[in-house]
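Those sequence lines, one after another, are chains R and Y. Residue numbers are given in this note's numbering: position 238 of the first sequence equals residue 238, and the series is strictly consecutive. Residue numbers are given in this note's numbering: position 84 of the second sequence equals residue 84, and the series is strictly consecutive.
Hints listed in this document are in silico derivations from the structure and should not be mistaken for laboratory results. Take the hints with a grain of salt, since some may be wrong.
Remember, identical chains collapse to one label, so a pair may be satisfied in a single copy or spanning two.
[Unchecked claim] Here are the simulated lysine-lysine pairs, DSSO-like style, with alpha carbons at most 27 angstroms apart:
hint, residue 1, residue 2
1, Lys16, Lys123
2, Lys419, Lys308
3, Lys55, Lys374
4, Lys308, Lys374
5, Lys419, Lys126
6, Lys123, Lys12
7, Lys55, Lys422
8, Lys47, Lys91
9, Lys225, Lys419
10, Lys246, Lys308
11, Lys12, Lys301
12, Lys16, Lys55
13, Lys308, Lys123
14, Lys355, Lys16
15, Lys47, Lys12
16, Lys422, Lys123
17, Lys301, Lys47
18, Lys47, Lys374
19, Lys97, Lys126
20, Lys91, Lys374
21, Lys422, Lys246
22, Lys251, Lys225
23, Lys377, Lys55
24, Lys123, Lys355
25, Lys377, Lys422
26, Lys246, Lys16
27, Lys47, Lys126
Protein chains: 2
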Amino acid sequence: MRLSRYFMPILKENPKEAEIVSHRLMLRTGMVRQQSQGIYSWLPLGKRVLDKVNKIIREEQNRSGAIELLMPTLQSAELWQESGRYDAYGKEMLRIKDRQDRPMLYGPTNEEMVTDIFRSYIKSYKDLPLNLYHIQLKFRDEIRPRFGTMRSREFMMKDAYSFDLTQEGAVQSYNKMFAAYLRTFNRLGLRAIPMRADTGPIGGNLSHEFIILADTGESEVFCHKDFVNFDIPGEDTDFDDIAGLKSIFDKWTSVYAATSEMHDEAAFNAIPEEDRLSARGIEVGHIFYFGTKYSEPMGAKVQGPDGKEHAVHMGSYGIGPTRLVPAIIEASHDENGIIWPASVAPFDVVVINMKAGDLACDEACETVYAALSKAGKDVLYDDRDERAGTKFATADLIGVPVQIIVGPRSIASGEVEVKDRKTGARETMTVEAAINRLAG
Amino acid sequence: MRLSRYFMPILKENPKEAEIVSHRLMLRTGMVRQQSQGIYSWLPLGKRVLDKVNKIIREEQNRSGAIELLMPTLQSAELWQESGRYDAYGKEMLRIKDRQDRPMLYGPTNEEMVTDIFRSYIKSYKDLPLNLYHIQLKFRDEIRPRFGTMRSREFMMKDAYSFDLTQEGAVQSYNKMFAAYLRTFNRLGLRAIPMRADTGPIGGNLSHEFIILADTGESEVFCHKDFVNFDIPGEDTDFDDIAGLKSIFDKWTSVYAATSEMHDEAAFNAIPEEDRLSARGIEVGHIFYFGTKYSEPMGAKVQGPDGKEHAVHMGSYGIGPTRLVPAIIEASHDENGIIWPASVAPFDVVVINMKAGDLACDEACETVYAALSKAGKDVLYDDRDERAGTKFATADLIGVPVQIIVGPRSIASGEVEVKDRKTGARETMTVEAAINRLAG
Numbered sequence: 001m002r003l004s005r006y007f008m009p010i011l012k013e014n015p016k017e018a019e020i021v022s023h024r025l026m027l028r029t030g031m032v033r034q035q036s037q038g039i040y041s042w043l044p045l046g047k048r049v050l051d052k053v054n055k056i057i058r059e060e061q062n063r064s065g066a067i068e069l070l071m072p073t074l075q076s077a078e079l080w081q082e083s084g085r086y087d088a089y090g091k092e093m094l095r096i097k098d099r100q101d102r103p104m105l106y107g108p109t110n111e112e113m114v115t116d117i118f119r120s121y122i123k124s125y126k127d128l129p130l131n132l133y134h135i136q137l138k139f140r141d142e143i144r145p146r147f148g149t150m151r152s153r154e155f156m157m158k159d160a161y162s163f164d165l166t167q168e169g170a171v172q173s174y175n176k177m178f179a180a181y182l183r184t185f186n187r188l189g190l191r192a193i194p195m196r197a198d199t200g201p202i203g204g205n206l207s208h209e210f211i212i213l214a215d216t217g218e219s220e221v222f223c224h225k226d227f228v229n230f231d232i233p234g235e236d237t238d239f240d241d242i243a244g245l246k247s248i249f250d251k252w253t254s255v256y257a258a259t260s261e262m263h264d265e266a267a268f269n270a271i272p273e274e275d276r277l278s279a280r281g282i283e284v285g286h287i288f289y290f291g292t293k294y295s296e297p298m299g300a301k302v303q304g305p306d307g308k309e310h311a312v313h314m315g316s317y318g319i320g321p322t323r324l325v326p327a328i329i330e331a332s333h334d335e336n337g338i339i340w341p342a343s344v345a346p347f348d349v350v351v352i353n354m355k356a357g358d359l360a361c362d363e364a365c366e367t368v369y370a371a372l373s374k375a376g377k378d379v380l381y382d383d384r385d386e387r388a389g390t391k392f393a394t395a396d397l398i399g400v401p402v403q404i405i406v407g408p409r410s411i412a413s414g415e416v417e418v419k420d421r422k423t424g425a426r427e428t429m430t431v432e433a434a435i436n437r438l439a440g
Numbered sequence: 001m002r003l004s005r006y007f008m009p010i011l012k013e014n015p016k017e018a019e020i021v022s023h024r025l026m027l028r029t030g031m032v033r034q035q036s037q038g039i040y041s042w043l044p045l046g047k048r049v050l051d052k053v054n055k056i057i058r059e060e061q062n063r064s065g066a067i068e069l070l071m072p073t074l075q076s077a078e079l080w081q082e083s084g085r086y087d088a089y090g091k092e093m094l095r096i097k098d099r100q101d102r103p104m105l106y107g108p109t110n111e112e113m114v115t116d117i118f119r120s121y122i123k124s125y126k127d128l129p130l131n132l133y134h135i136q137l138k139f140r141d142e143i144r145p146r147f148g149t150m151r152s153r154e155f156m157m158k159d160a161y162s163f164d165l166t167q168e169g170a171v172q173s174y175n176k177m178f179a180a181y182l183r184t185f186n187r188l189g190l191r192a193i194p195m196r197a198d199t200g201p202i203g204g205n206l207s208h209e210f211i212i213l214a215d216t217g218e219s220e221v222f223c224h225k226d227f228v229n230f231d232i233p234g235e236d237t238d239f240d241d242i243a244g245l246k247s248i249f250d251k252w253t254s255v256y257a258a259t260s261e262m263h264d265e266a267a268f269n270a271i272p273e274e275d276r277l278s279a280r281g282i283e284v285g286h287i288f289y290f291g292t293k294y295s296e297p298m299g300a301k302v303q304g305p306d307g308k309e310h311a312v313h314m315g316s317y318g319i320g321p322t323r324l325v326p327a328i329i330e331a332s333h334d335e336n337g338i339i340w341p342a343s344v345a346p347f348d349v350v351v352i353n354m355k356a357g358d359l360a361c362d363e364a365c366e367t368v369y370a371a372l373s374k375a376g377k378d379v380l381y382d383d384r385d386e387r388a389g390t391k392f393a394t395a396d397l398i399g400v401p402v403q404i405i406v407g408p409r410s411i412a413s414g415e416v417e418v419k420d421r422k423t424g425a426r427e428t429m430t431v432e433a434a435i436n437r438l439a440g
């Protein structure tokens, strides 16, 4: 992408309304724009990061055996009356009447709808286990949306729903998602710690929040330091291996970790003092097992091997991509801007032309841009008619992992500079060497 | 994907509520499910097709130089009051009040919002031309939604918006999208005919609908038969070549084509009778140039080379992916089911195990499934414990382009049958030959 033709509106000043660093940086870099209170547009740079986050989420959901569909944003109130949540949900539910005066709502979550889909088609235990997910917009009419897309009203959620004949099966489905989440957050460059959590309005009796540590976190969290060194399940994880998944779950729940709601001071104090970690955290995922809470009232039943009807045991599993993007920034930035983990960077590399219009610089930049694009890399080419200093600052600010800097002096001897955004390390090498380094 | 683990709820009976063949087949094959009137879930099989359609749309938008972002579904009423459309839009606009009693709406289209984004950042003609698009849900509260996702209330739209300093520039942007649309529909396996159209509530003075011919079409259309043979712009189309794009536009608008609203009986009758085509059509895309209709009242102005402020000239360009899927089915099916064009097929190939449980059949199927999956193909493996006849019917119904049929008799001599869904042609070959044929 040539920056001269791109739409990346960098702000010169730090926006006053932003209280936390991720919100500030997302506005500064033109990743998002607020359209109404708690409602955001994802501008092109932000959209690229969001797409990469979603791609990783999707790959790990699919790997675990979950199946993707797409439910609509608007739901009929009737479904929620069946489950009993229509009145209970309160003012966070955006209630709507259509032109026929039918009561509708903008889905804040999809337990009811997916249960309705399930009961319409699935009649036998032979079709279980089943895990259906979608990545779809949700709306929760929070009284105080804030921190940019970290806590917005219209937001994106990956929500998965598992269906099993028995509680035992449901716990296995829970363990699958548990492992999938560990893999997902790791690939996003985050170390997330699963913590026993309150089940809240979803209900149920087994629940974990996945929390990353950050000073700006909304929740206070307490855990054992060992989490930092626990192994992440590998790419070869067998999601049909019940015992293997259980051992992952057991390992990751073997030491103390809790949010303030679930905190047990005595248990925490039993940890040797040097191993205690008390900090603030950002919730980036939440998983629930809630048994027959929805299947019972909504009649989602299957015939079991005994010939009888059984209400299915369900779980739900949420990750918020539009919240993950700022969470990644909170975890990875410096005073010059964002430092993207390579897996979610909007571009893999930025080519900086220090003197656009200089024949040698232009030619070298075009060569690098063409070669790396052809190699399948996402390349941003800063071909603007701007001072070199402005270009360096922009490149640092938007946090592309690698910068290739082409200047008139070094290109005279056929060389460019390759800079690592994270470490700041610079290396001088030939154009060809730079291409070979980055095309791999 | 192993069918035994997939969620593809095939209906045994034709659903009574479906009036047209695409709606019937989408329900039969479990591609979609109605959740409320005119509001659909895309079940896994449908979601796969929708994703492939969106991918092609996106690739062709990007190729033409348009830049992707993502605007939200909910908009504030204020924006629409600025443009003057809030009151004018009527009952199709779903109006909402949030908990603070602020008037909102579910976007039926995004001219206002994108103009608001534009005016917030772009101040100089040097940043033009610009074309921003997104693929996002829309809502139009139609009094009579029907034909499944062909005319639903909540639907997906790719809408692009171009910004230029002058009318001349805007016409060039229009021609870019015109060529991009021809390429897009062609890659989707459709022959779409651009027809001069009424501009309707979007307003403006230049507009084309892209129409495919189908007996179930909502509009009556009249055109010259020559359209069937016109060349589609190639992959090497230069979207910076102003003259080249104009010649594509000129060619494709050189002979008569009009919807009934714009029909000129005399002009049509001037065509030799054997070249006249009068039929029904389905609108699959609509493009508009509307000048300063929104930029003027909303103050979207840039400084020109003359140092003065100019309201920008805009166009908008829509394609409905959730409507394209049924449109493709209307254009491509037979009495046994859907016949997907390869580019949008939910799976590239289906492996049919005629006798699941038979060792030789199972092994051959696993070999083919693994080899083709590894080659990057989307493979559906029908490993269900069902009669062969049921599996054949399912494969034909869901319209996967190629079937590899593995039966106990032929596998005894190491052979399988490869069937082309469209032609019905069958060929017997070794397992290895089948893999080589399809892995390419």
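>> Checking an output row: Lys16 and Lys55, CA cutoff 27 angstroms. Within, between, both or neither?
In response: neither (33 angstroms within a copy, 38 angstroms between copies)
>> If the cut is 27 angstroms between Cα atoms, do Lys123 and Lys12 qualify within a copy, between copies, both or neither?
In response: For Lys123 and Lys12, only the inter-copy Cα distance (14 angstroms) is at most 27 angstroms; the intra-copy one is 60 angstroms.
>> For Lys419 and Lys126, with the copy left unspecified, which applies at a CA distance of at most 27 angstroms: within, between, both, or neither?
In response: Neither way: Lys419 and Lys126 sit 56 angstroms apart in one copy and 30 angstroms across, limit 27 angstroms.
>> I want to check one pair: Lys419 and Lys308. Are their C-alpha atoms no more than 27 angstroms apart within a copy, between two copies, both, or neither?
In response: neither (66 angstroms within a copy, 42 angstroms between copies)
> Should Lys251 paired with Lys225 be assigned to within, between, both, or neither, using CA atoms and 27 angstroms as the limit?
Replying inline: within (14 angstroms within a copy, 70 angstroms between copies)
> Within a copy, between copies, both or neither: where do Lys225 and Lys419 come within 27 angstroms Cα-Cα?
Replying inline: For Lys225 and Lys419, the Cα distance exceeds 27 angstroms both inside one copy (33 angstroms) and across copies (59 angstroms).
> For the identical chains here, do Lys308 and Lys374 meet the 27 angstroms Cα criterion within one copy, between copies, both, or neither?
Replying inline: neither (59 angstroms within a copy, 41 angstroms between copies)
>> Treating 27 angstroms as the Cα threshold, decide for Lys12 and Lys301: within, between, both or neither.
In response: The answer is between: 21 angstroms across copies meets 27 angstroms, while 58 angstroms in one copy does not.
> With identical chains treated as interchangeable, where does the CA-CA distance between Lys55 and Lys422 reach 27 angstroms or less: within a copy, between copies, both, or neither?
Replying inline: For Lys55 and Lys422, only the intra-copy Cα distance (23 angstroms) is at most 27 angstroms; the inter-copy one is 33 angstroms.
>> For Lys422 and Lys246, with the copy left unspecified, which applies at a CA distance of at most 27 angstroms: within, between, both, or neither?
In response: Classified as neither; 37 angstroms inside a copy, 47 angstroms across copies.
>> For Lys355 and Lys16, with the copy left unspecified, which applies at a CA distance of at most 27 angstroms: within, between, both, or neither?
In response: neither (33 angstroms within a copy, 68 angstroms between copies)
> Is it within a copy, between copies, both, or neither that the alpha carbon of Lys123 lies no farther than 27 angstroms from that of Lys355?
Replying inline: Close across copies (24 angstroms), not inside one copy (68 angstroms); limit 27 angstroms.
In this structure, the earlier hints numbered 2, 4, 5, 8, 9, 10, 12, 14, 16, 19, 20, 21 and 26 are contradicted, and the remaining ones agree with it.
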